[in-house]
Amino acid sequence: QSVLTQPPSVSAAPGQKVTISCSGSSSNIGNTYVAWYQQVPGTPPKLLIYDNTERPSGISDRFSGSKSGTLATLGITGLQTGDEADYFCGTWDISLRSLVFGGGTKLTVL
Amino acid sequence: DVQLLESGGGLVQPGGSLRLSCVASGFTFSSKVMTWVRQAPGKGLEWVSSISGSGDSTYYADSVKGRFTISRDNSKNILSVQMNSLRVDDTAVYYCARGAGYSFGPPHDWGQGTLVTVSS
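Sequences listed follow chains A and B, in order.
In this text, residue positions in the first sequence follow our numbering: the first is 278, and each later residue adds one.
In this text, residue positions in the second sequence follow our numbering: the first is 94, and each later residue adds one.
Keep in mind the hints are simulated off the structure, nothing from the lab.
No incorrect hints appear here.
With a Cα cut of at most 16 Å, we get these calculated EDC-like pairs of lysine to aspartate or glutamate: (1) K323/A - D94/B; (2) K383/A - E361/A; (3) K383/A - D363/A; (4) K136/B - D363/A; (5) K294/A - D338/A; (6) K323/A - D360/A.
Bear in mind the structure is a predicted one, so any value in this text is a computation, not a measurement.
Please work from the sequences and hints to get the whole structure.
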């Protein structure tokens, strides 16, 4: 059971928009920075979003991050079949003094 | 470019030991928190341990506390984890990951991973 809660799966058609939620608590999301990762099976996670809303160099602006209270959200617009992957949120938990991840969300582009 | 190259994985019997290493390049190693994250087959990401840039501060997941020891050699840009008393449920791909800076938090760059299989 993960400290951060994500939906197991989401799906949408090509060209559409999808959001993936990541729910936590005041000891993690509520008071620290959230990162989002994309992972294609068989490859390492790739950083999409850091510090809640920032995109690393080279990451498409189709990916966006937001945070409100203890809820973080990843948004993906203009869905492409290449976006099919697992998406994980992660942050540091101040009380646990641990890095914590969500259980992951499998994105299917129909 | 940041490069993280893990090594040391393999097949080990339950109760055995293994030492993983990660050679880092492309950044100032001593200024970054470094982290080990693992992923069991078909499962999600599980944090294992993190170490400060100086090596003075270390943190461990409860599942590995007392069995694993993280360390770093800033003169050689190498991150390591000594894994003792290995269990079947330690089977996973182990990733070395680089933090954003001096503070503990979600890592930015990840290595390709090394597979550890614990089985008799």
